[in-house]
Amino acid sequence: MNKPKYTIAVTGLNNTDNPGPGVPVIRALRSAKSFDVRIIGLVYENLEPGIYMENVADKVYQIPYPSVGSEALLNRIEYINSIENIDFLIPNFDAELFTFITSQAKLESLNIKSFLPTKLQFEEREKEKLVEFGEKYNIKVPKSKSLTSVNDISKLRDDFDYPVLVKGKFYDAYIAYNSEQVIGHFNKISSKWGLPVIIQEFIKGTEVNVIALGDGRGNTIAAVPMRKQYITDKGKAWGGITLGDETMLDITCKLIKNTKWRGGMELELIKNNEGDYYLIEINPRIPAWVYLAVEAGQNIPEALIKLANDEDVPPFTKYDIGKMFVRYSYDLIADISQFEKLSITGEL
Amino acid sequence: MKLKKNIAISETGFVFDPNSGDSYSLNSIGKEILELVKLGKSKSDISFHILNKYDADEFTFERNYDDFIDMLKHHKILENE
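Line by line, the protein sequences are chains A and B.
Heads up: the first sequence at position 169 corresponds to 169 in our numbering, and the numbers run straight through without jumps.
Heads up: the second sequence at position 17 corresponds to 17 in our numbering, and the numbers run straight through without jumps.
Next up, chain A with everything else stripped away, as it sits in the complex (with noise of 0.2 Å):
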């Protein structure tokens, strides 16, 4: 049987030590049994590793920040898909999930085809709204509180002990054990990432994860779990392993019915001693980890696919327990006549 060959454009090329989703998630999808594919990796930056790997983007193409605009964004899209002719996109940055969910209109007016959270779903699940989403779906969460000056950070101590989590409101956590550290990464973060900075009750455990999908309906398609084995300075997972964790599923599957979620997700929780699982944070696509639950038995990415396609996909059912990853480091070789042509061209 013949299998159709779609152009997917996915962004998130950067696989450095903070590595974004897009290389594992093009990884998925060359790896679909449904379908072939050709991809349109999107950057940012001209040194996204993404763009010089082999076999990982057939053509790239630079697009702006979401911080200059959506239209600026949208028109690079709308001339990217006049050579194209893009059938899928997977945005892969929280950064840029605003402008894409607002502009569905938009990218169904190009035939450009996506699986993305709602409006609601993506606002609702904000870091500085945890507390809220936590009562509303009757999920233990961590305090919080969103702070808007430095001038906020010496009442912390009415509220919390410490230390205390200091988040920005896309990336980055710290862990700051006095109000001088909070300060620091006050600063550090709202700079960087702007407002509001986040601070969270500190919950001691073990940090372990949910990759999910969810089709919109209140069914989850996939669930895998994972418990981080190494993890950098930065928080992220440099190994990782599969769990045949009931509750965390059940928690997933719960919370997948009642906010009815629509596309892939991320759920960071932390299991403290007693064995109680608090959310920490729900990220609202796709993370990078996605191919250790490819391999496992669950190739999220095709099924997004085919969700966006409107085509029924049944749930996964079973995946492998004890499943590891480990990434490494490599350098790769470019051409300074790459480097030319992306940066005069915005294409290569």
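Simulated from the structure, these hints should not be mistaken for lab results.
Keep in mind that a hint or two might mislead.
Said to hold, decoys possible - Example chain A residues on the side facing chain B (calculated, C-beta under 7 Å, incomplete): (1) I203; (2) R227; (3) G239; (4) I241; (5) L243; (6) D245; (7) G322.
Unchecked claim - From the derived model, a few chain A residues whose C-beta atoms are all more than 12 Å from chain B: (8) N81; (9) Q104; (10) F202; (11) K204; (12) K257; (13) Y278.
Built from N, CA and C at the ideal position, the CB exists for glycine as well.
Given the coordinates of chain A, work out where chain B should sit on it, guided by the hints.
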């Protein structure tokens, strides 16, 4: 005490807890004892088995067995029945 559900013990003495993702390495005696625990054998059954098979006295067995069981409980490999 009984072995927690789904704990995997390999031929090499590698123990894997699929619920937590933790893994441990046992020496041959540790593996032998854990497999006897898995079969539901009591402390006296295990003592009888080990003392008959190896050159060890009861006091040494008792001390090391209790330490080993405490360690297994600490790592939540064993749980209360």
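Against the structure, the hints:
The interface hint given for I203 of chain A is broken, as the beta carbon of that residue sits about 17 Å from the closest beta carbon of chain B, more than 7 Å. Taking 7 Å as the C-beta contact cut-off toward chain B, the hint placing R227 of chain A at the interface holds, the least distance being around 4 Å. With its C-beta approaching chain B no nearer than about 10 Å, G239 of chain A sits outside the 7 Å limit, and its interface hint is violated. Checking I241 of chain A against chain B by beta carbon gives a least distance of about 4 Å; that is within 7 Å, so the hint holds.
At its closest, the beta carbon of L243 of chain A sits 5 Å from a beta carbon of chain B; the interface hint therefore holds under the 7 Å criterion. Annotation: interface hint on D245 of chain A holds; nearest CB of chain B at approximately 5 Å, less than 7 Å. Among the interface hints, the one on G322 of chain A holds; its C-beta lies about 6 Å from the nearest C-beta in chain B, closer than the 7 Å criterion. Chain B leaves N81 of chain A outside its interface by the beta-carbon criterion, the shortest separation being 43 Å against a cut-off of 12 Å.
No Cβ of chain B approaches the Cβ of Q104 of chain A within 12 Å, the least distance being about 38 Å, so the stated non-interface status holds. In this structure F202 of chain A is separated from chain B by more than 12 Å, as the shortest Cβ-Cβ distance comes to about 21 Å. With a least CB separation of 15 Å from chain B, K204 of chain A remains clear of the 12 Å interface cut-off, as annotated. Listed as outside the interface, K257 of chain A is consistent with that label: its C-beta sits roughly 23 Å from the nearest C-beta of chain B, beyond the 12 Å cut-off.
Interface exclusion of Y278 of chain A from chain B stands, the closest Cβ pair being 16 Å apart, more than 12 Å.
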